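Please take these sequences and the hints and turn them into a complete structure.
Each residue of the first sequence is one higher than the last, beginning at 36 in the working numbering.
Derived from the structure by calculation, the hints contain no laboratory data.
From a predicted model like this one, the values you see are computed outputs, not experimental measurements.
Hints may be right or wrong, so weigh each one.
Claimed, not checked - With a straight-line cut-off of 30 angstroms between C-alpha atoms, the simulated BS3-like cross-links for lysine-lysine are: (1) Lys456 x Lys436; (2) Lys456 x Lys380; (3) Lys70 x Lys128; (4) Lys315 x Lys223; (5) Lys208 x Lys256; (6) Lys151 x Lys315; (7) Lys233 x Lys262; (8) Lys227 x Lys203; (9) Lys251 x Lys223.
Said to hold, decoys possible - Just the calculated beta-carbon pair ranges, DEER-fashion: (10) Glu254 x Leu215: 18 to 24 angstroms; (11) Glu141 x Lys227: 32 to 38 angstroms; (12) Glu254 x Glu86: 41 to 47 angstroms; (13) Ser242 x Glu356: 45 to 51 angstroms; (14) Gly411 x Asp283: 51 to 57 angstroms; (15) Lys76 x Gly381: 41 to 47 angstroms; (16) Gly417 x Gly107: 50 to 56 angstroms.
Just so you know, even glycine gets a beta-carbon here, dropped at the ideal spot from N, CA and C.
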Amino acid sequence: MVKQEIRNYRGMRDFLPEDMRRREYVFGILEEIFKAHGFEKIETPAIELWEILSGKYGEEEKLIYRFKDRKGRDIGLRYDLTVPLARVVAQHKSELTFPFKRYQMERVWRADRPQKGRYREFYQCDVDIVGTKSMLADAEVISVIYETLKRLNFKNFIIRINNRKLIKALYEKIGEGSELEVARAVDKMDKKGPRGVKEELLNRGISPSGSDIILKAMEIKDIKEAKSFYGNCEGVMELEELFSYLVDYGILEEHFAYDPSLARGLDYYTGPIFETVVRKPRIGSITGGGRYDGLIGAFRGAEIPATGTSLGVERLIAVMEELSMFPTGISSPVDVIVCHFAETKGEAVKIASKLRAEGIRTDLYTGEKDLRAQLGYAAGNGISFVVIVGDEVKEGKVVLKNLRSRKQKILSLQDVISEVKNFAEVRGK
RNA sequence: GUGAGCGUGGCUCAAUGGUAGAGCAUUGGACUGUGGAUCCAAGGGUUGGGGGUUCAAGUCCCCUCGCUCACCCCA
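What follows is the structure, given as structure tokens:
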């Protein structure tokens with residue numbers, strides 16, 4: 036037999052139990068918040084027909100995993116959850132009620148080169164509202180982002196907000212290059228500063244005077260200034276309305292801001308765009324989204340407006356890990372483990388069953404090692420309570436040992452149940 | 001796609017161009033009911049792969065594959 040490589044395909048990860056505990060904690064909170072805002076969950080296939088995916092992402096299209104099936108049909112792995120949503124809406128329009136609020140938490144694939152916080156297979160969590168042009172929908176989406184981050188205990192985050200219409204207006208104002216080139220250059224403000232952006236603009240063939248106008252627009256600090264710069268255009272009015280709602284939602288001003296340099300790479304955005312950044316671990320954006328009124332129309336004649344965001348769970352987790360933001364309570368999968376000796380295995384099974392029937396999360400030691408090793412197993416899994424089934428079982432008693440305090444007592448099964456339940460409840464809060 | 005750094009037992013890492021090693025893990029034995037123990041012993045490697053320089057290469061050079069980080073772009 037030829038020695039085979041045992042490894043993952045590049046950019047693909049295995050999630051071991053320890054990883055999954057943290058992941059499910061985050062997923063659970065996301066889902067809780069989505070549901071609390073009236074969003075419903077859907078799922079769509081990993082594979083889409085190529086024609087569904089093609090032409091939606093601009094230059095990003097080269098990062099789509101593309102294959103042929105056995106009959107030579109052109110297919111691809113989904114690149115995000117927004118285009119599949121657009122297909123679903125176009126395809127099942129008559130079965131949906133609008134405005135349609137849905138969330139989705141699934142894998143997406145990108146044939147990118149991996150690096151910190153970036154993988155070829157990763158989960159995205161999308162929340163979108165389809166079928167309304169109201170800025171209230173955009174505000175609702177931003178509120179979900181805000182509530183989620185608050186709930187996960189994020190402190191230093193800022194939701195940057197801009198409007199594609201203002202980038203377009205800026206491009207029309209100077210009438211040089213293309214909207215996309217202006218967007219690309221302006222987007223580098225964060226990393227390269229004004230001088231770097233100017234250089235980018237000049238390299239892209241935009242005149243010095245045009246560049247100066249753009250740089251001036253980049254100095255705009257708030258929506259009021261934007262109004263005097265752009266006039267009473269649609270882009271400004273939308274943002275004005277949006278910002279007033281954000282205040283109504285109670286979103287603190289330190290957590291959102293008008294940012295003229297936010298552009299976002301994807302082609303399909305048409306209105307307000309937003310993304311969340313954290314200062315501390317340098318990891319790029321943790322959420323990104325915006326309004327895409329034209330995308331669904333690309334599948335279906337009639338235009339259906341939509342807005343939404345994607346939350347980058349992988350990056351949320353990366354930040355939380357780096358800043359030790361996970362609560363300690365999620366370290367143990369069970370409340371109690373039942374340990375036993377050669378002569379008491381049968382009794383141990385019965386006791387474990389009774390504990391489980393009481394709704395107590397119970398592990399039963401399934402190995403063949405001695406008590407010392409069984410306690411080691413319990414400690415290694417972060418389990419708080421051990422029930423030791425020994426000779427005392429003849430008198431209807433077992434040993435309940437608390438691994439944290441190292442104290443133990445001989446109790447009846449009833450007393451064990453109430454003691455463990457008590458503890459589990461306290462910890463649950 | 002571009003650039004940089006790194007590849008040594010399953011894992012973490014040693015080894016001036018001069019006999020490939022340690023710790024952990026694994027397996028067997030000792031230890032009969034209290035925190036992954038301890039003691040004894042064993043197995044495990046074409047130093048990612050290929051070529052070159054040299055009396056001699058884990059070490060130097062070239063190619064290739066892989067990993068990591070950055071750029072581009074993105075979550």
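Check your understanding: Against the structure shown, which of the earlier numbered hints fail to hold, in ascending order?
Key -> none
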